[in-house]
Amino acid sequence: MSSSGAPNDNSLRFRTTYAMDAPGSPRPSPDTPSRDQSMEEHLAVMHEKLRQELPTLFLRSHDYTLYSMDVEFINEILSIRTKGRTWYVMSLTLCRFLVWNYFAQFRLEILQLTRHPENWTLQARWRLVGLPIHMFFMRFYRRDKEDLYRTFDAYSTFYLNSSGLICRHHLDKLTPSHSPSTPVKKLLVGALVALGLSEPEPNLHTCSKA
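Numbering of the sequence shown is given in UniProt numbering, commencing with residue 1 and proceeding in unit increments.
Please keep in mind that the hints were generated in silico from the structure rather than gathered at the bench. Computed from a predicted model, the values in this text were never measured in an experiment. Just so you know, nobody snuck in bad clues.
List of simulated lysine to aspartate or glutamate pairs, EDC-like, C-alpha gap at most 20 Å:
| no. | residue 1 | residue 2 |
| --- | --- | --- |
| 1 | LYS83 | ASP63 |
| 2 | LYS83 | GLU72 |
| 3 | LYS49 | ASP63 |
| 4 | LYS83 | ASP172 |
| 5 | LYS83 | ASP70 |
| 6 | LYS173 | ASP153 |
| 7 | LYS173 | GLU76 |
| 8 | LYS49 | GLU109 |
| 9 | LYS173 | GLU109 |
| 10 | LYS173 | GLU72 |
Build the full structure now, drawing on both the sequences and the hints.
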């Protein structure tokens, strides 16, 4: 769908930097690494791969070979946690499904992507801007729909292991201009439960609040 005055459908914007103040103190990698040349190389390689992969995260299949088999996904937005690459693939697939079915138009902007040798991490700040389908149909007669767009800001931290693969993805929310709607959050959690995550001793559990 398209409309006059609205941003181009699925347009992408990307900008990388090498210095950034992350919210809060940086957390150590699960392997508590020491700084060495090999990790510098791992970070440089992964930075380039994520620079290419992240802008199209919701547009095409993601390269999951960048992640370890036991990758941990901590999603503070939906308060869920998964362990293992299979569950990570399922989680991102469901997120992609929700984005495509919630928005009539959207774009993913990678605002910053930085590497941090001191704790073996890459940190990305990104923004999802989209026109909800229900808003599009309720205001279809309007030529200028720019004020109907919703913005969701988030901050991802990718932790590398000694092999240079991502072993943890920590997703945090950053002061979005519009909070995600409760029905959307419930839909994703419900879909995960329907896929068998409610069985005894599942790999997915609700994150505990401090």
